[in-house]
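Engineer: Chain residues, written in single-letter form:
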Amino acid sequence: MAKPKSAYSIPTKVGKLDTHIFVVWVDNEAGVLARVVGLFSGRGYNIESLAVAEIDQTKNISRITIVTTGTPQVIDQIKLQLKKLVPVHKVADFKREDKKVIFKEMALLKIIGDKKKIEKCLKACKTFNPVILDKTKQSAVIQITALRREIDKMSKKLKSLGLISASRTGAIAMTRGAEVFK
Amino acid sequence: MSKLYSGAEIVFKSLEDQDVEFIFGYPGGAVLPIYDELKNHSSIKHILVRHEQGAGHAAEGYARSSGKPGVVLVTSGPGATNVVTALTDAYMDSVPLVCISGQVPTHLIGTDAFQECDTTGITRPCTKHNWLVKDIKDLSKILHEAFRVATTGRPGPVLVDIPKDIQFAKTNYSKPKKEKKLNEKINNKFSQKEIDELIELISKAKKPVVYTGGGVINSGPEASKSLREFIRLIGFPITSTLQGLGAFPGDDNQFIGMLGMHGTYEANNAMHDCDLLINIGARFDDRITGKIDEFSPNSKKVHIDIDPSSINKIIKVDLAIVGDVNQVIQATIKKLNNKQNGLRDSNKQKISKWWEQISKWRTKDSLGFVNSDKTIKPQHAVKRLYELTKNQDTFITTEVGQHQMWAAQHYKFNKPNRWMTSGGLGTMGYGLPAAVGVQIAHPDKLVIDIAGEASILMTMQEMSTAVQYNLPIKIFILNNQYMGMVRQWQELLHEKNYSESYSEALPDFVKLAEAYGCKGIKADNPSELDSKIKEMVDHNGPVIFDCHVDPNENCFPMIPSGKPHNQMILGPNDKEENKITEKGKALV
Numbered sequence: 019m020a021k022p023k024s025a026y027s028i029p030t031k032v033g034k035l036d037t038h039i040f041v042v043w044v045d046n047e048a049g050v051l052a053r054v055v056g057l058f059s060g061r062g063y064n065i066e067s068l069a070v071a072e073i074d075q076t077k078n079i080s081r082i083t084i085v086t087t088g089t090p091q092v093i094d095q096i097k098l099q100l101k102k103l104v105p106v107h108k109v110a111d112f113k114r115e116d117k118k119v120i121f122k123e124m125a126l127l128k129i130i131g132d133k134k135k136i137e138k139c140l141k142a143c144k145t146f147n148p149v150i151l152d153k154t155k156q157s158a159v160i161q162i163t164a165l166r167r168e169i170d171k172m173s174k175k176l177k178s179l180g181l182i183s184a185s186r187t188g189a190i191a192m193t194r195g196a197e198v199f200k
Numbered sequence: 003m004s005k006l007y008s009g010a011e012i013v014f015k016s017l018e019d020q021d022v023e024f025i026f027g028y029p030g031g032a033v034l035p036i037y038d039e040l041k042n043h044s045s046i047k048h049i050l051v052r053h054e055q056g057a058g059h060a061a062e063g064y065a066r067s068s069g070k071p072g073v074v075l076v077t078s079g080p081g082a083t084n085v086v087t088a089l090t091d092a093y094m095d096s097v098p099l100v101c102i103s104g105q106v107p108t109h110l111i112g113t114d115a116f117q118e119c120d121t122t123g124i125t126r127p128c129t130k131h132n133w134l135v136k137d138i139k140d141l142s143k144i145l146h147e148a149f150r151v152a153t154t155g156r157p158g159p160v161l162v163d164i165p166k167d168i169q170f171a172k173t174n175y176s177k178p179k180k181e182k183k184l185n186e187k188i189n190n191k192f193s194q195k196e197i198d199e200l201i202e203l204i205s206k207a208k209k210p211v212v213y214t215g216g217g218v219i220n221s222g223p224e225a226s227k228s229l230r231e232f233i234r235l236i237g238f239p240i241t242s243t244l245q246g247l248g249a250f251p252g253d254d255n256q257f258i259g260m261l262g263m264h265g266t267y268e269a270n271n272a273m274h275d276c277d278l279l280i281n282i283g284a285r286f287d288d289r290i291t292g293k294i295d296e297f298s299p300n301s302k303k304v305h306i307d308i309d310p311s312s313i314n315k316i317i318k319v320d321l322a323i324v325g326d327v328n329q330v331i332q333a334t335i336k337k338l339n340n341k342q343n344g345l346r347d348s349n350k351q352k353i354s355k356w357w358e359q360i361s362k363w364r365t366k367d368s369l370g371f372v373n374s375d376k377t378i379k380p381q382h383a384v385k386r387l388y389e390l391t392k393n394q395d396t397f398i399t400t401e402v403g404q405h406q407m408w409a410a411q412h413y414k415f416n417k418p419n420r421w422m423t424s425g426g427l428g429t430m431g432y433g434l435p436a437a438v439g440v441q442i443a444h445p446d447k448l449v450i451d452i453a454g455e456a457s458i459l460m461t462m463q464e465m466s467t468a469v470q471y472n473l474p475i476k477i478f479i480l481n482n483q484y485m486g487m488v489r490q491w492q493e494l495l496h497e498k499n500y501s502e503s504y505s506e507a508l509p510d511f512v513k514l515a516e517a518y519g520c521k522g523i524k525a526d527n528p529s530e531l532d533s534k535i536k537e538m539v540d541h542n543g544p545v546i547f548d549c550h551v552d553p554n555e556n557c558f559p560m561i562p563s564g565k566p567h568n569q570m571i572l573g574p575n576d577k578e579e580n581k582i583t584e585k586g587k588a589l590v
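Chains as they are written, first to last, in the working numbering: chain A, 19 to 200; chain B, 3 to 590.
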């Protein structure tokens, strides 16, 4: 055992990491995203993806969806720290494996290639609700919605079929059924 | 009703409605309209500091000794950046501050204008919340909200950044809302079931200990009263963090001293061996817990705190009660008293063996030191200071380092709000400006800053403030010519490589005192110590006391880094255990 020379303790074993999706309802005001993101960077939590948009114009409410990983203790902390922020109204957190919640990401894929190739691409994306948003003789922009790892897989697979550029959103989430998160 | 007020007027009207009596500040270009308005508001007195950091710490001292929020007023750019240290300090130690900063006019924001900085951006991580006022119509609402956020729940600093054009602009003023709407950020919804569980644990415990922190002080003087009643009722030993000192009388037999890195042998061993640990308003700071994996391994843990994010942050607890300390203790006392089956006696019976064990630990006399009749030992100096000032209501502030720990160990506090020290952030230079703020809040009381010669030089300029306002603060410097705590760590952990911890060219503090227009006293002999301390206390005006102490003295006991509570290094009286390099060191 090395002799500790620091004025601080030595890090102890790290627990199991889980991936969680946080949904945060906030006042849509200047700097609110910086507060949320700053909380993550300042306390050393990581952000896998982030999606933000205003969802209620009259009440001025935005919904932020953050995908993060951490030990159960860290996940707990993130939730409690988020709740302390003044512009935060409520915080929901779901495990990625949670069957009661739908998680979706959207991707825009630009394919360069002939008609045949584009057809192949569309076929490959079949299960991910492909929509053609733009089409020329030698290119197409396809929109798909899927889970993160499915999009990962697709973008790998489509490389050989002419995928030249991909743009992706962060994950967004919605509970199944009639229940609403309070 | 429809009278229009300028932004600067609204600032003062809001402060008046929030019952603010003092502002600590420093003028500059971007706050001139507010300073211009000052003369029209006689109920608010402005204290001109010499550096904005001093304003922040003075406001902290004011807040911590009075229980009211401290108000700071600074200009844009450097004014705001200088106050960042104090804001962070207040954030770490949960001190309610409202900082108002000037900003360049709105149309210049983002243009790198003169004395412009992104104040809300810079202070976002060190405030509970901050606001940039972009519309004069929002100003009064934001100011009232600022006071509410700073003082409710777990208190802390807030900042309101007001651009210069907003200070000139005119609008209606709206008074603070009287209704006490329960804000969702305030968590005081503990249940009777939780109280019952706590009482169940209390009645079963054989080796209990109560560990209290600054939350008791922040809950108000009533909380300290409740705590005393509660502890007498259950008969448990009680230990306290650095910030919690004074909540329970320091000279009481049930008080087993401060715990943590420089805590007493009995307190730390009790923490380690206990079977029930009741944390009231403390946050399991790393200076308290030592090695997490071996922290109090066999105890049921209860945590009472107003901040839900403090619970399970570092130490997992078995019972969490989220609520205001005073109300939780009151509810527990009530329930305990209703239980007529005499928990009082039976429980005390059960823990008598535990008290015997604690008495054994006490015989170690872990705060002991080898006194000398040639040089003044710093511990001795603090002890004499305590003995010679304990007959009056004395307020103590400190800087950060060895002297701070000696003060915490050897000065006994009997009342809350008498002890102001920078714990979380550990800000050298805190004590002098804090003493200024304390003296402002308590003009007729004795206020002493127990200081180190290195710390004091960081905010020395505030002596000028003390002289300007006739504040009779006493700066009691334990002068060992070293950054003592740094030197101690270097001696014990870095093979005595005293890298840059010796101050080669210290000022003559007596002459320095005279240069500031106050009294200087120097002592370097134990025989003259008492009479000179008396001279300091009796002097009606600010004093700098240069107390030359043994430069080689270390602060013991000490839990070295990454060690559990039962592996402390004790002082020179306990030689065989005083070797950090040997295996099994200090193991008892």
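Take these hints with a grain of salt, some might be off.
[Said to hold, decoys possible] In silico DSBU-like pairs for lysine-lysine, Cα to Cα no more than 30 Å straight-line:
#1 B:K172 x A:K200
#2 A:K113 x A:K171
#3 B:K315 x A:K77
#4 B:K172 x A:K101
#5 A:K153 x A:K141
#6 A:K108 x B:K318
#7 A:K117 x B:K318
#8 A:K77 x B:K293
#9 B:K172 x A:K118
#10 A:K34 x B:K293
#11 B:K315 x A:K34
Worth flagging that the hints you see were computed from the coordinates, not collected in a lab. Just so it is clear, the structure is predicted and the values come from calculations on it, not from any experiment.
Engineer: Now tell me, hint by hint, if it's right for this structure.
Structural biologist: Structure-based check of all given hints:
1. For a cut-off of 30 Å, the pair hint linking B:K172 to A:K200 is broken: about 40 Å separates their Cα positions.
2. At most 30 Å may separate the alpha-carbon atoms for a hinted pair to count; A:K113 and A:K171 meet this at roughly 21 Å.
3. A C-alpha spacing of about 33 Å is found between B:K315 and A:K77, which places the hinted pair above 30 Å, so the restraint is violated.
4. With a C-alpha separation of about 35 Å, the suggested pairing of B:K172 with A:K101 is violated against the 30 Å cut-off.
5. In summary, the hint linking A:K153 to A:K141 is supported, as the alpha carbons are separated by about 16 Å, within the 30 Å threshold.
6. Of the supplied pair hints, the one linking A:K108 and B:K318 holds, its CA atoms being roughly 24 Å apart against a limit of 30 Å.
7. For the proposed pair A:K117 and B:K318, the alpha carbon gap of about 28 Å is at most 30 Å, so the pair holds.
8. Using a Cα cut-off of 30 Å, the hinted pair A:K77 and B:K293 is violated, with the two alpha carbons roughly 48 Å apart.
9. For the proposed pair B:K172 and A:K118, the alpha carbon gap of about 53 Å is over 30 Å, so the pair is violated.
10. A hinted pair counts as satisfied when its Cα atoms are at most 30 Å apart, and A:K34 with B:K293 qualifies at roughly 20 Å.
11. The suggested pairing of B:K315 with A:K34 holds, with an alpha-carbon distance near 16 Å, which does not exceed 30 Å.
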